[in-house]
Amino acid sequence: MSSWSRRSFLGAAALVAVQSAMPGGAAVLGKLDPKEAPSPRRRKLMRAVADHVIPATDTPGAGAVGTGDFVLVALAHGLQGTRRPPKSDPSFAPFLRTDGSLDHAAWLEAKFGPKWLALPTSCRHDALAALDAAAFKGDASAAPWRAIKGLILTGYYTSEIGGSKELNYELVPGRFDPKVPVGPETRAYSSDWTAVDFG
Amino acid sequence: MDETQNLNSNHFDAIVVGSGITGGWAAKELTEAGLKVLLLERGRKIEHQVDYETEVKAPWDMPFRGEGDADLYAREYAVQSLNRHFTEFTQGHFVNDAENPYQTGADKQFNWFRSYQLGGRSLTWGRQSYRWSDYDFGANKRDGHGTDWPIRYADLAPWYDKVENFIGVSGAAEGLPQLPDGKFQPPFALNVVEQAVRERIMAQWPERRLTIGRTANLTAEKDGRGLCQSRSICARGCSYGAYFSTQSSTLPAAQATGNLTLITDAAVEHVDYDPATRRVTGVRWIDSKTKARKSATARMIFLNAGAFNSVHLLLNSASEAMPQGLAGSSGVLGTHIMDHANTLSAAAIMPGFEAWTSFGNRPTGVIIPRYRNMEAMDGTGHTRGFSFQGGALQSTWTAGKREAGIGADYKAGLRKPGPWRMVLVAFADCVPRASNRLTLDRAKVDANGIPQLRIDFAFGAEETAALAQAKADAAEMLGKAGGHVFMGFDRPGPGGTAIHEMGGARMGNDPATSVLNKWSQSHDVANLFVTDGAQMASSACQNPSLTYMALTARAAAHAVSLLKSSAL
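Residue numbers (the numbering used here), protein chains in the order written: chain L, 11 to 209; chain U, 372 to 939.
Chain L with its partners taken away, still in its complex shape (with noise of 0.2 angstroms):
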């Protein structure tokens, strides 16, 4: 047994991330099930949705990193308790898969129509945004969203740039500060695994 230190430990670090670069969402889109697999539309619509959420600034956006695939990924695999069966809603049924749980992409596709997409930005982001207020004054048949939603914050912060640009990103700390003063470039930690769990 070797006792490591921090340097040989980043460099191992370092190899991983040379080794993984794909993307996880693209990595694994080609192995979903053909049920469901997602059409280019669809894969069009999730990066523009996402985008609409996370836009770019000073930093990517959510849509260039990957997340619309992510989140078209996650969803096939019930992340974030998608597979289960949602609570009740007429205008849910035609999107209702045979296990009873809601295809959350059809139901945004069609909630959104075929020529949002069309849409000038202003007006594409203004109908994302009504129904994300809907969706969090309680509106049932816009709760499908908060999931969605909750699933491009995952894949926009788990991604490098969001994870390692957008926030910090610190896998060796080294040490434990318990008192520091917040200034105005401070940025949280994407790898303050207490405050991604409970926070």
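Calculated directly from the structure, the hints in this document are not laboratory data. Beta carbons are placed, not taken as given, at the ideal position from N, Cα and C, and that holds for glycine.
Calculated pairs, DSS-like style, for lysine-lysine (alpha carbon to alpha carbon, straight line, at most 25 angstroms):
(1) K189/L <-> K851/U
(2) K97/L <-> K772/U
(3) K147/L <-> K121/L
(4) K772/U <-> K121/L
(5) K772/U <-> K175/L
(6) K787/U <-> K175/L
(7) K772/U <-> K54/L
(8) K772/U <-> K147/L
(9) K593/U <-> K533/U
(10) K815/U <-> K660/U
(11) K189/L <-> K175/L
(12) K889/U <-> K935/U
(13) K787/U <-> K189/L
Computed list of chain L residues with no C-beta within reach of chain U, every gap over 12 angstroms:
(14) S49
(15) P96
(16) P100
(17) L127
(18) P130
(19) A150
Start from chain L and add chain U according to the hints.
Just chain U now, kept in the frame of chain L:
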């Protein structure tokens, strides 16, 4: 892995079943005393530093970004995935529930969290390391639940010293009789909110002491092990060796003696007993890879398979001479199992600290040790104690999932550390009850044809009352400390939630009412020792692993003395 292939004999001085927290300790102590020891582990080999496959990975390196495949988890990890330490990074350190079934009584959910691998749950444990006090060892005698412990704190204190000095426990001495101080490495610091809450609680209630969690993470280097790096990803495995695990600590010590034979992928199915000599003679196991049946013999046997699995093995080792299970003549084998009643008592927003944050991931929270039912019986509807664990933390991007908003402003709002909040999670003493028990379900067998374990467990009025008082107390304390409580519960999670399942082969003075004597030694079978959580006669309200380790070291020393004096 089968190191016996290179040996001329499969007879040993001792066989240790299980390589987790206590099995590692048994192997270390017995080999260091010069005994030839066979250590059997049912799971796969995980080599320190080599096999911690996800340790250096980032979320973006993982197929499901660290959250894991919920579809897979629903099918194969339905129980394990409920564990807070279970993630896509750590799933390889937990059992597959579908492949390792057990039964529970109707309407008696029990979440049995398990880790079948070299090191067992020492790889995934929470590392909280607390001494028990005479409030705990005297609890059964005081209120009449269960049977009296045959030992008191003074019996165990030197063994606590020994264990703490070896594993490394960081903590702050507080001089509290209900949570005795130990041989501590320097403590991790309280963060700015916790420090303020500590002071405000002490100002109101001097007997209530918020202190940093005592954790088996190194704050000073020791024996070739490195410092804790404040990553708080321990359950992935730690190549620094900075937290106590079998791999980092006890296994290398045992291997260094040259007296250890280790076999992994060896699921022990039976302990053999000779009624003529009234001694156990050896064990039989199934090679998990080849399904071949194998066996070995020894002068004595230590069971360290984990509380419920050790009892399972004893029950499955019933014979004509011992029809109620090996070491089961008292009739209490399998009974009086316990787990701490556990729930989130209070969560509060803590305003006034917005100018501060912290850096690094401290690998421990805080604890408020028991303060009820000590000198005065001031519990409402219960006779024992509860303690709180928890801490102050800031929210982060995941809080955005609960908030309306989209766009650049929304993104900007998630960039900074969020508001401080503080949580207090109660661990309430669980009264030992005969009705909470383990049995074999002979109608259902596992893949090896062994009857499955059936767990019948329910909390009762004592635990419910304790958690009700804990909820009220937690809200009052956080309120006085300036917090705004927004959530709290008084109902326990399902049994197993605290991951402190224990009992089933309790220690006691009377062979008619207990399975083990004060040396963790079977009353019925002198060369059989059970030194994991199965031996516990009460639960206390603080984490038990340090006590298991101390009891194991103590039992090993006694066993060696018996062996060397030819008493076994």
